[in-house]
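> Here's the letter readout for the chains.
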Amino acid sequence: MAEINKNAQQLKAILVSNKRVGQYHQLIVNIGDVANLCKPGNFVAINVGGDTSRMVLRRAFAISRVSTNSISGGTMELIVAPHGQGSSWLCSQNEGSVLDVVVPLGTAFGIPTEPVQVLLVGGGYGSAPLFGLAEVLNARGCRVDMLLGASTASKIYAPMEGKRAVNSLRIYTEDGTMGQTGRVTDPIKALVDDLNIAVIYSCGPMAMLSAIDSITRGTEVVHQCAVEESMACGIGICMTCVLPTMDSDGNIAMLRSCIDGPVMDGENVMWDKVGKSL
Amino acid sequence: MSALDFSTTLANAWFPSPVFTASGCASSGRELAQFFDLHSIGGVVTKSVMTKARYGRPTPRMAETPSGMLNSIGLQGPGIDAFIAKDIPYLIEQKARIIVSIAGETVEEYSTLARKLRGVSGISAIEVNISCPNVENRGLVFACDPDASRRVIDGVRRTIGGELPIIAKLSPDVTDLVAIARSVVDAGADAVALINTVLGMVINLDTMRPHLGGKTGGLSGPAIRPIAVRAIYQVHAALPNVPILGMGGVASGRDALEMIAAGASGVSVGTASFGNPNAIPTIQGELRDLLIAKGFTSLRDAIGFAHRTEPSDVE
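Taken in order, these protein sequences are the chains called A and B.
Going by our numbering, 10 is the number at position 10 of the first sequence; the sequence numbering is gapless.
Going by our numbering, 247 is the number at position 247 of the second sequence; the sequence numbering is gapless.
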């Protein structure tokens, strides 16, 4: 029995829908019964460029949502920004294309056993998996409030249907083109106090995750963050996506963000050591 | 179904298939076990282990390049004691054939590692990695110097020589690879592994600085395959009785056969597993089919075939 990647499967999966949403593409991929194994926070690794491509590595994408009862069977939704060669190739694929995917990979967000108050914080396209998470938390009876931020309006991902699962949604842009002007981390401290937040779930750039940690560290608030480090394999064999961590017993390690993440306890990450030698 | 003897040997170690994982590209097997049975391939070459646990280099550790990638891991690992306590028993439980790769900072460290492994049962061979490019000081790349290479292998041979086959892993980043190969064989290496990654660099044009945390990294993937084929061909021509474990950009059965024809007795698959977790069983199946299609009845008849004067002499 496998101890690592234990639900992961390599599949030929059909791209059933590819729609442009602002600066992003919403991709729906048919993964059949494997959709039942996907949890919020998990990711997928996809081959890009076809068989003759000079791109030899898979690209990792967070699964934003899964549907287990669509007409074509189980599907997963991905929100992809075409900013590099691999993601651009993926976004240019037509509906009906066959993708080589390895899914599901990585850790998932922990869901509270009690219906506590939670805050979801997303930066840029990193917010995508938070909407699937919000639905799960909502079903658990949690009160879910959400903050989304980006440098400018076109980089905010906030689908209409996603808002149904949240109590409140506030948007922040640094240039003031949408919502309030400022950073998404600005109101967190006040919200944590006012709403008696038990858990913050975050997804976005590392600087944002680190800023949230500086608010929650040493408090009762649990911070579950989905980290971003560049990966070559997504399955734990290349050792490139490591993050410096220290557990509650003081043990220091370079953990792989693909198999020990992407969802990690923010308090365990040594944010000031990221990108530095231990 | 055609009968094909697919087995191979590296010195006195026998393997039912010539396709292996590549050191540093399969950790210690646990991650890939979800995708295929570790017993079903030739063997698992574990990630090079040192005496002490090591954190490795800072991130970024990776840059994709055309048909390849640079890595700068810096031998992150658990240290030999934890490796022997946890990883070897796991691999034995999976019935995997095990080649343990060791790396040291000094000649003595290699001997210490060999001594620790001497009493461990279930190991088929030892790969002595004297060519990792991701070390602080390029002077530590023993495989760049025939005399330093000889001293490392000599120390390991004195410890475990005759008990386990010693495979010396060499770097292609040298002027005279055959001279290095000769010196490790003279010192007691039973086989050589060719090639380690090729030293490279990528500059990040946003920061206008080297992209990798370690500045330089090892280039792997199909981009280096012709270098590997050349290295295998040259060493096999000079030392035809020394078994070679070939690696460097193998991504298909045809790539594996190319290395075998150049003189490799076995082939390791590394970077291809990053792009495809099932690469190793897929390549193994393709190689088997290709050998049968070409009329071979034994893998061993294909080893070094490219050196024959009449290459049409298959039947």
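Treat the hints with care, as some may be off.
Quick list of in silico lysine-lysine cross-link-like pairs, DSBU-like style, CA-CA up to 30 Å [to be verified]:
(1) B:Lys215 with A:Lys276
(2) A:Lys273 with B:Lys95
(3) B:Lys86 with A:Lys276
(4) B:Lys215 with A:Lys19
(5) A:Lys6 with B:Lys215
(6) A:Lys39 with B:Lys215
(7) A:Lys273 with B:Lys52
(8) A:Lys276 with B:Lys52
If you're looking for bench data, these hints aren't it; they were derived computationally from the structure.
Just so it is clear, the structure is predicted and the values come from calculations on it, not from any experiment.
> Measure nothing beyond the straight line between the CA atoms of lysine 273 of chain A and lysine 52 of chain B; if it is 30 Å or shorter, mark the hint as holding.
holds, 21 Å
> Going straight from one Cα to the other, do lysine 6 of chain A and lysine 215 of chain B come out at no more than 30 Å?
violated, 35 Å
> Mind checking the alpha carbons of lysine 215 of chain B and lysine 276 of chain A for me, to see if they're no more than 30 Å apart?
holds, 13 Å
> Within 30 Å, alpha carbon to alpha carbon, are lysine 86 of chain B and lysine 276 of chain A?
holds, 28 Å
> Within 30 Å, alpha carbon to alpha carbon, are lysine 39 of chain A and lysine 215 of chain B?
The given pair, whose Cα atoms are some 37 Å apart, is violated under the 30 Å limit.
> Does the structure keep lysine 215 of chain B and lysine 19 of chain A at a Cα separation of 30 Å or less?
violated, 40 Å
> Between lysine 273 of chain A and lysine 95 of chain B, is the straight-line Cα distance small enough, at 30 Å or below?
Violated: lysine 273 of chain A and lysine 95 of chain B sit about 39 Å apart, past 30 Å.
> For the pair supplied as a hint, lysine 276 of chain A and lysine 52 of chain B, confirm whether the alpha-carbon distance does not exceed 30 Å.
holds, 20 Å
Of the numbered hints given earlier, the model fails hints 2, 4, 5, 6; all others are met.
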